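J.: Numbering-wise (my numbering), the sequence shown opens with residue 63 and increments by one.
If you're looking for bench data, these hints aren't it; they were derived computationally from the structure.
Just so you know, these numbers come straight off a predicted model, no measurement behind them.
Incorrect hints may appear among the rest.
Stated by the list, open to error - Ranges between beta-carbon positions, derived for each pair:
id: 1; residue 1: Glu116; residue 2: Ile179; range: 19 to 25 Å
id: 2; residue 1: Ile509; residue 2: Trp86; range: 48 to 54 Å
id: 3; residue 1: Arg261; residue 2: Glu83; range: 56 to 62 Å
id: 4; residue 1: Pro258; residue 2: Thr554; range: 43 to 49 Å
What the hints assert, rightly or not - Here are the simulated lysine-lysine pairs, DSBU-like style, with alpha carbons at most 30 Å apart:
id: 5; residue 1: Lys146; residue 2: Lys175
id: 6; residue 1: Lys469; residue 2: Lys175
id: 7; residue 1: Lys146; residue 2: Lys522
id: 8; residue 1: Lys470; residue 2: Lys561
Every residue, glycine too, gets a C-beta built ideally from N, C-alpha and C.
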Amino acid sequence: MGKYTITSDALFQSAQSNVNELAWTIVLAILVLCTVTRIVTNLQSRADSTTNAEPRSVKTVAYWVPWVGHGSSFLWNHINLIGKARDSRKEPVLGIYMGGAKHNFVVSPSMIKSVMIPENTSSASMINHALKTVGGDQGPIRNLSPADHQVFHHNLPNLFTREPFTTQASEAMVQLIQRETPNLVTFCRSVVDQAPWERGSGVMIAEGHDQPACEANLFALIRGFVGHITTSTLMGHAILEAFPHLLDDIWLFDNRFPLLAMGLPRWLPLPGLPAAYAARDRVLGSLAAFHQAFVQLEDGIDPDVKLRELDDVSEPIKQRIRMSKELGFSAKTSAPGHLILFWAMNGNTPNIVFWNLLRLYTNPTLLEEIRKEIAPYVKMSRPTREKTGFPIPEAPKVSMDLDGLFKKCHLLKGSFYETMRVDSAGFLFREAIADLTITESEEDATIAGFSEPRSVRISKGESVAVPHGVLHNDPRYFSNPGQFDPLRFITTDPTTGVKRADMHTINPFGDGMAAYKGPVFAEREILAFVVPIISMWNIEPAEGEQLILPRHKLSGGTYLPSRDIPVRLSMRI
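Can you make the complete structure from the sequences, with help from the hints?
T.: Okay, here's the thing in structure tokens:
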């Protein structure tokens with residue numbers, strides 16, 4: 063027999079050929095699998111032949127990729143995904159498949175009211191999912207008995223919505239806002255002398271202007287300002303003094319909240335994900351130390367010197383820590399529950415205030431109209447050097463009548479509601495606790511182009527979701543939804559001629575833990591931040607002639623901006 067010589071080049075070429083053939087085989091198999099998945103799910107998604115009067119099952123919108131389903135499209139732009147599915151299928155409830163599970167998205171306002179009734183659906187599974195994926199709970203909090211779960215996750219947080227807390231917290235917060243708004247930027251060159259919220263916003267003295275001015279990144283500045291005051295009001299001043307980087311960590315955490323909520327592991331090489339997990343670990347450590355210090359004080363033991371002054375911690379927070387102790391939870395075990403609540407305090411309000419301010423400062427005509435409207439309820443003063451006798455002018459002061467603003471300033475409230483409609487996209491996820499049939503109202507059926515209301519069947523254990531952002535952008539309920547128009551929320555009584563601002567069908571505060579403060583307190587809180595800032599400060603673009611709105615970036619509730627906005631700030635008084 064003859065002998066054959068196999069060179070290394072021949073081996074390499076043979077291996078490369080085999081790899082290429084295998085790669086093409088894999089690609090072809092994936093294409094075939096995706097095509098078959100699309101064909102099968104398209105057939106399964108066809109509507110029933112039932113009449114409108116008969117309850118119908120929820121059909122899943124067709125998708126291409128097994129298990130993943132609509133997941134990538136949902137993360138990229140869930141409003142576009144669900145809105146297009148609603149318009150093409152003309153159904154009040156849509157099945158969206160993600161991560162191996164079907165979620166029933168309700169897009170009819172009247173049906174939304176039905177799924178929010180506690181007798182029909184439960185938020186327990188959603189809360190437990192958040193505790194595991196977002197909070198890092200190892201099991202103890204998720205394994206509470208139904209009675210303890212109700213108290214810990216609902217009754218205690220509901221204290222934030224009741225008197226006397228609402229009045230006490232509002233008054234304390236307003237006092238802090240009035241005291242600190244003149245220090246939004248302090249015009250200090252040294253970082254050491256700046257306010258805590260300035261240090262992460264790139265504040266610099268702007269030279270060459272007729273009056274003192276500073277340049278800063280607006281979102282970072284407002285986020286820090288609102289976060290410091292909110293946290294100090296609800297959790298006391300000591301926690302931020304003991305852990306000065308606590309808010310920086312919660313911002314890193316919030317920036318990647320959707321990825322954490324999906325349960326993605328920390329080792330995935332996604333931008334910001336490992337940093338978000340590391341920030342979460344630091345926040346958990348800080349909250350565990352805070353919890354331990356409070357328990358020690360209650361037991362008559364001296365805690366760490368930085369956490370000895372906890373008298374100004376709000377009562378709902380105190381009650382939550384006390385219940386954790388009664389349940390036998392250690393400080394470390396309790397921390398995931400505190401984290402979810404701490405994120406709820408700071409995950410939405412700073413973003414809302416930022417967008418509301420930016421919407422006003424990018425519309426000078428609207429800004430001036432609102433300044434005139436609020437003028438009777440906001441007072442600013444600045445003693446002159448002649449009056450004080452000091453060579454250095456005193457800082458200006460601001461005071462406001464929050465009740466008057468809340469009751470009389472309809473355009474202000476309308477701009478806030480419109481900001482929430484345009485710049486937020488909160489979710490409600492619940493689980494059906496029994497077989498459920500929901501029916502839309504005659505009005506919704508007529509708007510959808512049907513002669514009679516439709517009914518939908520949802521089985522026990524199925525996920526039910528409400529995408530508030532999709533409803534807020536539905537042209538059937540909001541004409542020209544892409545246009546910012548505060549007047550759409552102002553109504554006039556035909557008999558008395560009295561005007562009022564009405565939220566209509568929007569739900570700006572979401573549900574569950576993210577809405578723990580309740581709509582009244584949350585609305586007052588946001589207006590209390592916006593009013594003194596627009597009264598006291600000029601905000602202009604650092605470069606160029608006008609401020610430009612950034613694109614939205616998906617968050618856990620109110621959108622984040624896709625980029626920060628460099629601005630120049632100067633006082634109006």
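J.: Next, verify each hint and record whether it holds.
T.: Verification of the supplied hints:
no., hint, in the structure
1, Glu116 / Ile179: 19 to 25 Å, "holds (22 Å)"
2, Ile509 / Trp86: 48 to 54 Å, "holds (51 Å)"
3, Arg261 / Glu83: 56 to 62 Å, "holds (58 Å)"
4, Pro258 / Thr554: 43 to 49 Å, "holds (45 Å)"
5, Lys146 / Lys175, "holds (23 Å)"
6, Lys469 / Lys175, "holds (27 Å)"
7, Lys146 / Lys522, "holds (27 Å)"
8, Lys470 / Lys561, "holds (9 Å)"
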